[in-house]
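Colleague: Chain by chain, the residues run as shown.
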Amino acid sequence: MSAAATDRVLFVRGLRTNTDARRLFACLVGGLVLALMTGPSGSASAPTSGFTGSILNPRVFGFLGFGAAIWLLMTVRHRFGDRIRAASDRVQAGPRRLFPDRRVRYGIYVVVLAIAIVYPMHLSSFWQEVLVDQVGVYVLLAVGLNVVVGYAGLLDLGYIAFYAIGAYSAAYWTGALPIHPFVHLNPFWAIPFAILAATLAGVILGAPTLRLRGDYLAIVTLGFGEIIQIVATNLTGVTGGAQGVIGIPHFSIHLFGIRYAWGINNLPYYYLLLGFVVLVLVLFRSLESSRVGRFWTAIREDEVAAEASGINVLKYKVMAFAIGASTSGFAGMLTASKIAFVEPGDFTVQLSILILVLVIFGGMGSLPGAVVGAAVLQWAPWYLREHPVLGFQQQDIYIYLGALLVVMMIFRPEGMIPSRRRKREIGLAEHGVGHADALSGTGSGPVA
Amino acid sequence: MCFTQNFSNAIVLGLADGFIYALIALGYTLVYGVLQLINFAHSEVFMSGGFAGYFVLNAIIGTGQPHGVASFGLVVLGILGGAAGGGVIAFLLERVAYRPLRRRNAPKLAFLISAIGASYFLYNLAGKEFGRDSVSIPSPFTNGTVFTVFGAQVQTYYLVIAVAALVMLALLDRLVAVTRLGKGIRAVAQDAETASLMGVNIDRIISQTFVIGGLLGGAAGFLFGLSSGVVYTMGFTPALKAFTAAVLGGIGNIRGAVLGGLLLGIAENLSVTCIGFQWRDVMAFGILVVVLLVRPTGILGERLGRSA
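Going down the list, the sequences are from chains R and V. Take the first sequence: its letter number 325 is residue 324 in numbering that gives the first Met the number 0, and every next letter is one higher. Take the second sequence: its letter number 19 is residue 18 in numbering that gives the first Met the number 0, and every next letter is one higher.
Everything labelled a hint here was simulated from the structure, so no lab data went into it. Misleading hints may appear alongside valid ones.
[What the hints assert, rightly or not] Facing chain R, a subset of chain V residues (Cβ under 8 Å, in silico):
1. 37
2. 83
3. 99
4. 111
5. 128
6. 226
7. 273
8. 277
9. 280
10. 288
11. 291
[To be verified] These stretches of chain R come out as covered by chain V in the derived footprint (C-beta under 8 Å, 3 or more residues):
12. 55 to 66
13. 189 to 199
[Stated by the list, open to error] Distance windows between CB atoms, simulated:
14. R:383 / V:94: 54 to 64 Å
15. V:189 / R:187: 52 to 62 Å
16. R:102 / V:189: 35 to 45 Å
17. V:58 / R:195: 56 to 66 Å
18. R:266 / V:135: 46 to 56 Å
Virtual Cβ for every residue (Gly too), placed ideally from N, Cα, C.
Using the sequences and the hints, build the whole thing.
Modeller: If you want it as structure tokens, here you go:
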């Protein structure tokens, strides 16, 4: 081999082992993928048109530049990160809570709540609808799934099935389904029944499968989500079949001389939903710091140790699963009554994944994370869609969400607004202490 | 009685479906063997195989109607194309969605979530780039009844699936049993830490295991696409059922995956004649739940790292 060739080989080998070079390569590839994601669509007859339009196009340089900029940022952080971190450690020694003073935190909650109450009044009716149907309901769903994924560390991929059960129970108890109950209820009175039905479904599904190794739960719930949709589509005599059922009544109050009926206007639903979300948040917050919450933490961190300490692991796993399911059912019930319509096509697996993304993005186990994550991610696509320049296509949303999941897991598994405990756990698990999820089970075999 | 009526027909159809499930299920079982993780994105490996096979055959055949030796060659080319597509995607998947997490020793939940993200990314990107309507692969052969067994008509298509699957299964069996790579896979499955002490390059073995699973899954994608067409969402249901098959036979167990696939295919097709077409998927998931409850180790039992 000539000296030049040897040099070249050594240079290539050096590049392959050089962290900075590898990282630059990854960033540039990331830029190309981003160019592909945002580029024009192709078709089966012209499968390369999407690629040529997005990558063999001057616009690609913008994305490559973006990748290079990210690389630069990462390199700077990597090189000088220790010094930056040392400086910030000096500033805030001790527990790293963003706002250590309790009064400040409550003040922030009050301000946020005040904004949440006043701000929507000034929105157009279109954005009010987005706020209720897309943001509010999903905040509720994300907060519920947060109990399952965040608190108990279980992966539920059929979360929307419980939403469907809630929606169909609402339809049943208000008399909209082909089969009728013995008494027709006002949607408010149907709420406990819808929650009960979803909780029961959660217990029935959870009790047997939660005995098994945790990753089986993911598959079983995924299958369950499919089954619910197939059953709702095919049991025409009970559910109204594929075209769904209409005529679920809106909420109304007729109590102690107060008479109010929710109509087609969005704002009253928003306040109803806001009230419920705040209620659920307060409830879950106290649950988190209760005995049960501490059991969940223990199970998540080390199931064997939890079991050995006398915690009934199965019971508390089922409890978390059922609480999540009941929240989902509750959300389904609210939606059904608001849009007065239920159809099986609303309950796709994609929605379960979407809610999972909301929780992961915000931060597993963090209530503010779930709320902010859901609000931001649900609002952004609508904003982008309405944006005149960006030309975002709604049908591409899952490309972005999928990529977001992978990127989050690689760079920031604890989420945008992490729960301090969860963040510490993930860090510990990466150093071989504990699990940070309840997926490993207690034994090496499939039966926990 | 519905069983006797169309029994032999259901068996033939079931075996054809079952071989496809078996090929996909092997991808789950192999990866499970080395990583103890369910590869949630395996459905997209299957889908990529379907698209790759479609592009290969579409480019060669166009609107022609091949027969004879040409048909045989085209089927082989389609399978190779599908396998290549699946293998490439599986390789990239391991690199991007698994390896960075493994380096960091991330919790198991992170792997599952990252794989789900990769799956959604891949299939929706395929929908964007290749269109969202189903396309049919131009047929490399003229389908017809070859022979009849107990009143069941065995079509060319079923024979193609069965022969291709059996060849691939035999190759895999030998690969795992005798080659150096197969030994490596078994060693990592038995005890990754010890294997690495013995000089096995774990990263390379895991990557190659993904690729082998990808080759089989991609080929299955092509075979599936021959009759059902190719569309970006095609992976979801067959892959979920193949996972069921892998659990049914005993996950981590290669022969179990094949047995589970065939049994699931037959059970599903019997349920079509007995209960009704629309309940087919419910049947498969029902089997999954029952197996997990009654015998979570599967029929042949979970076993990692034995030769085949």
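Colleague: Against this structure, judge whether each hint is valid.
Modeller: Quick rundown of the hints versus the structure:
Given hint, residue 37 of chain V at the interface with chain R, holds; its Cβ is 5 Å from that chain's nearest Cβ, closer than 8 Å. Among the interface hints, the one on residue 83 of chain V is violated; its C-beta lies about 15 Å from the nearest C-beta in chain R, farther than the 8 Å criterion. Interface restraint check: residue 99 of chain V against chain R, minimum CB-CB distance 5 Å, threshold 8 Å, status holds. Annotation: interface hint on residue 111 of chain V holds; nearest CB of chain R at approximately 6 Å, less than 8 Å.
Of the supplied interface hints, the one on residue 128 of chain V holds, with its beta-carbon coming within about 4 Å of a beta-carbon of chain R, less than 8 Å. The closest approach between the C-beta of residue 226 of chain V and any C-beta of chain R is roughly 17 Å, which is over the 8 Å cut-off, so the hint fails. Given the 8 Å rule on beta carbons, the hint for residue 273 of chain V is violated: about 15 Å separates it from the nearest Cβ of chain R. Contact between residue 277 of chain V and chain R, as hinted, is supported at the beta carbon level, the nearest pair being about 5 Å apart and thus within 8 Å.
Because the closest C-beta pair between residue 280 of chain V and chain R is about 6 Å apart, less than 8 Å, the hint holds. Because the closest C-beta pair between residue 288 of chain V and chain R is about 6 Å apart, less than 8 Å, the hint holds. For the restraint placing residue 291 of chain V at the interface with chain R, the shortest Cβ-Cβ distance is roughly 6 Å, inside the 8 Å limit, so the hint holds. Coverage of a stretch by a chain is defined here by at least three residues with a beta carbon nearer than 8 Å to that chain's beta carbons; for the stretch 55 to 66 of chain R and chain V the count is 0, and the condition is violated.
Counting residues of the stretch 189 to 199 of chain R whose beta carbon lies closer than 8 Å to any beta carbon of chain V gives 0, which falls below the threshold of three, so the coverage claim is violated. Between residue 383 of chain R and residue 94 of chain V the C-beta distance comes to about 30 Å, which lies outside the given range of 54 to 64 Å. Here the CB-CB span from residue 189 of chain V to residue 187 of chain R is close to 59 Å, well matched to the stated 52 to 62 Å. Range check, residue 102 of chain R to residue 189 of chain V: Cβ separation about 58 Å, and the 35 to 45 Å hint is violated.
At roughly 58 Å, the beta carbons of residue 58 of chain V and residue 195 of chain R sit within the given window of 56 to 66 Å. Range check, residue 266 of chain R to residue 135 of chain V: Cβ separation about 50 Å, and the 46 to 56 Å hint holds.
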